[in-house]
Every structure is written in structure tokens, then in C-alpha cells.
Amino acid sequence: MSSDLLLDIKNVCASVEEKQVLKGLSLQIKPGEVHAIMGPNGAGKSSLSNVLAGRDAFKVTDGEIAYCGEDLLELSPEERAHKGIFMAFQYPVEIPGVNNLYFMRSAFNAKREANGEEPMEAYPFMMKVQQLCGELEMNPDFLKRALNDGFSGGEKKRNEMLQMMLLEPKLAILDETDSGLDIDALRVISNAVNSLRNTERSFLVVTHYQRLLDYIKPDFVHVLANGKIVKSGDASLALELEEKGYAWINEEV
Amino acid sequence: MAGPHCLVSIYSCGIMRPEKNLLIKEVGVAKRHDPSIDSFVSKRYEHGFVTDIESEQFAAGLSEDVVRAISAKKNEPEFLLEWRLEAYRHWLTLTPPDWAHLKMSPIDFQAISYFAAPKSNANAPKSLDEVDPKLLETYEKLGVPLHERARLAGVAVDAVFDSVSVATTFKDKLEEVGVIFCPFSEAAQKHPELIKQYLGKVVPYRDNFFAALNSAVFSDGSFVYIPKGVRSPLELSTYFRINAANTGQFERTLIVAEEGSYVSYLEGCTAPMRDENQLHAAVVELIAKTDAEIKYSTVQNWYPGDEEGRGGIYNFVTKRGSCEGDRSKISWTQIETGSAITWKYPSCILRGDDSVGEFYSVALTNNHQQADTGTKMIHIGKRTKSVIISKGISAGQAQNAYRGLVRIAPTAVKARNYSQCDSLLIGDRCGAHTFPYMEVSESTAQVEHEATTSKIGEDQLFYCQSRGLSEEDAVSMIVNGFCKEVFKKLPMEFALEAQNLLAVSLEGSVG
Ligand SMILES: Nc1ncnc2c1ncn2[C@@H]1O[C@H](COP(=O)(O)OP(=O)(O)OP(=O)(O)O)[C@@H](O)[C@H]1O
Ligand SMILES: [Mg+2]
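Top line first, the protein sequences correspond to chains X and R.
Using my numbering, you'd call the opening residue of the first sequence number 1 and step up by one each time.
Using my numbering, you'd call the opening residue of the second sequence number 254 and step up by one each time.
Treat each hint with caution, since some may be false.
Once the Cα atoms are required to be at most 30 Å apart in a straight line, the calculated DSS-like pairs of lysine-lysine come out as [what the hints assert, rightly or not]:
hint : chain 1 : residue 1 : chain 2 : residue 2
1    : X       : LYS144    : R       : LYS629
2    : X       : LYS144    : R       : LYS741
3    : X       : LYS128    : R       : LYS737
4    : R       : LYS708    : X       : LYS144
5    : X       : LYS144    : R       : LYS667
6    : X       : LYS144    : R       : LYS548
Quick partial rundown of chain X residues pointing at chain R, CB under 8 Å, derived from the structure [as the list claims (entries may be wrong)]:
hint : residue
7    : PRO77
8    : HIS82
9    : MET87
10   : ILE95
11   : PRO96
12   : VAL98
13   : ALA110
14   : LYS111
15   : ALA146
Pulled from the structure, derived: some chain X residues nowhere near chain R, Cβ distances all over 10 Å [unchecked claim]:
hint : residue
16   : ILE29
17   : ALA57
18   : GLY134
19   : PRO140
20   : LEU167
21   : PHE220
22   : ALA225
23   : GLY245
24   : ILE249
If you're looking for bench data, these hints aren't it; they were derived computationally from the structure.
Glycine included, each C-beta is placed from N, C-alpha and C at the ideal position.
Could you build the full structure based on these sequences and the hints that come with them?
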């Protein structure tokens, strides 16, 4: 029944700079599902995100990934974006001099054009973004600044969420979006994510903290350790991890 | 603050994939008609074509006879011939400068032809209708629709083609307010007293090797005179283009702004593809009197040579402005993307009290291009101020050096300078060097210098790509963002050209 999968990761091995980071990882995501990934530092969570988004330095050496029934590994990062993959970075980069609003409109229109749609004019785009800023309780002044330049950690994460809402992905990968957020921001962003949840859209949420999952209720929780998924369960697994840490899983495996 | 003679050198390397030839695409103006050809052509220099207008050209070589012949061809007054000859005799005593940072083979000055004029100039055209259609077509290809642009944007265009001006528009409008804007050769005949008074006063022929050469053999250029209290009603612009083979280019531009006047002058250049290196040695002199302001902008897009560095233009320019009067102001803004070798230091001599000098520059070098540019700000008057913003971009195996001199004379009480030199590296084989020289001999002066070197990181590119932008668009966007401060200083008209040059629309990103 693989045809109804949005994402089908089969036994993927990947390395970066000669270091093996994924060691036979498998994961299946159906449309509309929210999967949480937890796991110790250095386990390979960001590596998985980068592999899915198509970062060049992360070489897939074995295994397959199908996205909407298509070979994902054949696609460039921008093609993946056009086809609905979005990764919110654990550490969003700063790009001095590039206006935030201009960047977002370029990204938005690049996707539209790739999908045969007319680019959106500056004014309606501005209105759309301002409305989303409202939903994220974000000061629209951020739009006038250079992309992430001098943004605080939490502001960067919020800016990532703004782009996610704008680009309306099919598969949103949130790499520790909750890290560095204050309590109010966590609630606002969770609400935004929840507002995007529907039967088509799926989320892969990487987090270290159960508290995020109080807001964004996952359908599945996976433990990623040493480059592979070592345990999967429902939302209750996160609670168990919160209580016991990761050591017991290692013993179990 | 800083003591005399600070020297900072920065040499660093980028990390991007070296095989990508990213910035070639960004040279030249995008064509609209055929998208499939576009993508192919855009990989090469887009203005690399040669117009087959018959050139009237001197045989190669330089001698006193050649200098006399140039002057005779132009019907020049005696004093000008004498001046050329003095310059020539002085030039003979000089040896070419030793290029500290530049790698180049010696130039054979006897292998160059010192005069070429399009035939169509023999009976000088009175209007655009009389201009050789071939020539107009050339401008079209260069993205300079002369008539359209002039009409729509209200720009008077003195189009220099093969060193001789062939079309000047909006003359009437300028004449109404007494502005003189004409080819240099015309000015030499119609306004000899002005030429005699100002020529060589800011850049004497003794100044340097190339200034001497230019003074001896200059072919043509522009002359601008703004009378007292007049704001030029139009932006003045000139397009240069090197065309005939082996023809050195020796333009001479002189701008005089009388008391309380204002002028904005734009200059842009492109050149066709060539196998041999071509020499260009221009001289630009600016004079701003009391309360006058001159804004001089350049978008320079000469053929840089192929990927191996063959066939590019050698560009050795002496540009200098003198702020003679109190509260006068001169700004140089330049976007440099062309030439195999660029050597130029637009300078300001701040004589008048409270006078202001500005230098805003973007220099982009790719492949084997070498640029050694910068500025000199010489503070003499009291409370003189200067601002230097320099943005250097290097890609491929290019070398980009910024050399800036800020000299505060003992008379320059409370003089101030702010310099900011930023370098952006694309790839791991290019280099950026920053050499700020400061000579401060006045204790109340304030001199500030900031320098940064950054590279377009893989992380920045991936970030953009992961949001759906192509790598090329991402690079253009980052490069344009880097240059924004300078683009903002360009007149609207030219800002567009600069954007074309760097192949990205800045729409919406400014402000
Ligand atoms: N570019 C790289 N070069 C070398 N090693 C790398 C690189 N990127 C990641 N690694 C290594 O790969 C391993 C997995 O890193 P990854 O970032 O995927 O971990 P993570 O699970 O996201 O950790 P964290 O919870 O701390 O974010 C780590 O040991 C890391 O040091
Ligand atoms: Mg991580």
C-alpha cells in the first residue's frame, strides 16, 4: 500500500564529510500525519532533515526515498521546494542586505511559477504576509529587515514559521523549531502549525521536548539514535522518554 | 584616531563549488526575444559583437606626427596642439608603472592605432535621423535605445562611438539654461577659452604615465559646463564603446560646475569580443566651485576576457575631482564589472572649507580578471568630509584589490573621513585585498575605517534553494544585497542598468 504514502524512506544510509550519519533509516509518512522525532544530540535528526531537503553535502549511499510516489533523490533542493517540501532550519542562516519581504516574495513566486501559476503582485503579497504576521503575533517591521540578519534566536524561528505558512507545504519538516522559543512564542507557533493541519499536509517534527507535543499532538513518536529509528510509538512514547531519558532504549535495543 | 600609514591586507578563500561559472551570466543586459538563445548567450559576454561600420583609422604607432595628425583631423586650436606635444614629449621620458598586484604582459604602445572615427561622422549628423542606422542598431543591442531612453527618461545622451561623438540630444533644453554639454572636440573649437582655462588643471599631464599618454593622443570625450546657480535640468549621460581592432581609447572628460550649480553625469561602457587586449586610458577631470555639486556615476561593463583571461580590456583610468570652493561636493559612484585589468582611483581633492567628497563603488571580478581600484581623499580645507563605501566581489580566480588613501593635511582642521570596505568571495580560488592608507597630520581630524571579508556560504545558498530559488538566483540575490548601499546612490536611471548587470531585479528590496 505504498501508493498512499506521502513519504517512504527505505533503509537509507547517508554520510557527510566521510562520516556516516544515517545507518539504515526507514520511515513512512501518510498524508495528514504528524510524526515527532526525538533522540539524543548527534543522533542524526538534522541529518535526516537535510537529506530530505536535498542538501548537497549529505550523500545518500544506500536506500531509497519516495515522495508522492516519485524518486526524491533525483530532485534538486529547489524542485523539492516547488513540490511542497519545506524544512524549517534548526539554525536559520543570516543573509545581510537581502530584504526579508523581497526574499519571501521571490520564494513564493518561484514556487508558483514552477507550478504554472502567475506570480503574485507586490501589493496583494504584502497583504497576505501581513495577515500571516498577525497570526504569528509577529511585528511586520521584521519584513523590512534583512533576512534573519541580527534576529534573535526566537525571532529567526518565528520567521521560519512565517515562511512555512506562506509556502503552504505538503511536507513540513520542523527541525527543533521549539528550541529557543519563549513560552508565549511556543504557544503561538503551535497554534499556527495546528491551523495548517489538514488531511493532506504532513509534519515531521524534530524536538527534544515533550512540552511541544502537548500543543502539537503527534500521531507517531519515533526515537532516532545512532542514525536509525530505534523505537516508534504513539504520543505516550514522548511522555515515557521525558520521564526516563534515552538510556533504557539502548538497553532494550 | 589612526596613526599614519595603517596597512591592512586581507586574503581569504571561499568554499563554494569552484566549477560553477556563476557571474558570467551577470554581465550584460538580458535580451527578451528568444529565451532558449538567452540561456546560451548569457553564458558568454553578451555584447561581444563587432559592427562593420567602416572605420577611418590611423596605422599603428605613436610619434609626434601622429599627435599632430590627430590634432589636425580635429581642427584644433594651436594651444591644444602645443599642449598635446608637451604631454607627448613628457610621456617619452616616462616608463610604464610597475604593477605591484597585477599580472600582465607589457603593452606595446607602437602596436596600437591612435585614431579611429566612424565614417558617418564626416558630415556630422544634426539629429538622430541622420545617424547611421547601423550605429543605432548597435546601441539597441547594447540595451541603449538612444531615442527611447532619452525621451522617456529625460536624459541627454552624448554617445561616444569609437572615440568620436556622433549623436547629441536635448541640446536645446540644455542651451536654454546655458549648460554646455558637447563632445570635447566641439568644445575645443567653440569654447577654446574654457578648455584653455581648465584642461589639465586637475589632472596635469605630468600626473602619471597614462595621463601623459592620454593628454598627447586623446581622441574625444565630453565637455560639460554648468553656469553659476544652474541646476542641470537633465541627467547627462555618455555611452562609450570600444569597437575597431587594436584601437586604444583615450577619452577625455572635463566637467566644470560654477558657483552654486549642480550636475549629475552618467557614464556607461561596453565593448565587443576581441582576441587581443585592448588598452583604455581615460582621463576625467571635475571642478566644483563654491556651493557646487557634481555627481559622477559609472557603470562599467567592458569585455573582461574569456574564461582563460584572453582578450579583455585593459582599463587604466585617471579620474579626479577638485572641490575648489567652500561647501562644494563631488561624489563618485561606480559599478565595475568588466575589463581584464582595471586600475583606477577616482579621487577628490577637498580644497574648499566644508567641502565633501564621496566614493561609492562596486567592483566585481570573475575568472582571471584583476582589479586594483580605490579612491584618494585629500583633505586640505577646514571641516572637509569624505565617505568611502567600497564593495568588492571576487569569483573564479579573480583578484580584487582595494587601495584607498585618506590624507589629512595640517590645514584640514576637524576633517572627517569614514571608510567602509567590504569584500565578498565566491569560490575558493579568488582573492580580496584591502589596503587602506591613512596619513593624518591634523590632531582634530577623525578617521574611521571598517573592513569586512565574507563569502557566499554553502549554507546561505542552500537556505535559498530549500525555499525554491535556483542557485543562480540565490547568488544574484545575495550579491545584490551586498551591494545595496551603493546601488541606492545611483540615479534611478542607472540603478536599472546596474541591476541588469548583476542580473537580478531589486524590485521591492530597497527601502
Ligand atoms: N557537515 C558535517 N561534517 C561533519 N560531521 C557532521 C556534519 N554535519 C553533521 N555531522 C555529524 O553528524 C552527526 C549527526 O548530526 P546531526 O546534526 O544530524 O545530529 P542531531 O540529531 O540533529 O543532533 P542535535 O540534537 O544536537 O541537533 C553528528 O555527530 C555531527 O557531528
Ligand atoms: Mg539537529
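To see whether the hints hold, each was checked on the structure:
Of the supplied pair hints, the one linking LYS144/X and LYS629/R is violated, its CA atoms being roughly 35 Å apart against a limit of 30 Å. Using a Cα cut-off of 30 Å, the hinted pair LYS144/X and LYS741/R holds, with the two alpha carbons roughly 16 Å apart. Simply put, LYS128/X and LYS737/R have alpha-carbon atoms about 26 Å apart, close enough for the 30 Å limit, and the pair holds. Straight-line distance between C-alpha atoms of LYS708/R and LYS144/X comes to about 23 Å, which keeps the hinted pair within the 30 Å bound.
Pair hint LYS144/X plus LYS667/R does not hold up; C-alpha atoms about 36 Å apart against a cutoff of 30 Å. Under the criterion of a C-alpha separation no larger than 30 Å, the hint pairing LYS144/X with LYS548/R is consistent with the structure, at around 29 Å. The restraint placing PRO77/X at the interface with chain R holds, with a minimum CB-CB distance near 4 Å, inside the 8 Å limit. Given hint, HIS82/X at the interface with chain R, holds; its Cβ is 6 Å from that chain's nearest Cβ, closer than 8 Å.
Annotation: MET87/X was flagged as interfacial toward chain R, and the flag holds, the nearest CB pair being 6 Å apart, inside 8 Å. Given the 8 Å rule on beta carbons, the hint for ILE95/X holds: about 5 Å separates it from the nearest Cβ of chain R. Annotation: interface hint on PRO96/X holds; nearest CB of chain R at approximately 6 Å, less than 8 Å. Contact between VAL98/X and chain R, as hinted, is supported at the beta carbon level, the nearest pair being about 4 Å apart and thus within 8 Å.
Restraint check, ALA110/X versus chain R: the minimum CB separation of about 4 Å is within 8 Å; hint holds. Using the Cβ-Cβ criterion of 8 Å, the hint placing LYS111/X at the interface with chain R is satisfied: the shortest such distance is roughly 5 Å. The restraint placing ALA146/X at the interface with chain R holds, with a minimum CB-CB distance near 7 Å, inside the 8 Å limit. Distance check on ILE29/X: its Cβ is at least 18 Å (rounded) from any Cβ of chain R, clearing the 10 Å threshold; non-interface status holds.
Its beta-carbon lying about 7 Å from the closest one in chain R, ALA57/X breaks the requirement of being farther than 10 Å from that chain. Against the 10 Å criterion, GLY134/X stays outside the reach of chain R, whose nearest CB is about 20 Å from its own CB. With 10 Å as the threshold on Cβ separation, the claim that PRO140/X sits away from chain R holds: the shortest Cβ distance comes to roughly 14 Å. With a cut of 10 Å on Cβ distances, LEU167/X falls inside the contact zone with chain R, its closest approach being about 7 Å.
Every C-beta of chain R lies more than 10 Å from that of PHE220/X, the closest at about 24 Å, which supports listing it as non-interface. At roughly 26 Å from the closest C-beta of chain R, the C-beta of ALA225/X stays outside 10 Å, upholding its exclusion from the interface. Under the 10 Å C-beta cut-off, the non-interface status given to GLY245/X relative to chain R holds; the minimum distance is some 32 Å. ILE249/X, annotated as away from the interface, keeps every beta carbon of chain R farther than 10 Å; the closest lies near 31 Å.
Hint violations for this structure: numbers 1, 5, 17 and 20, all remaining hints satisfied.
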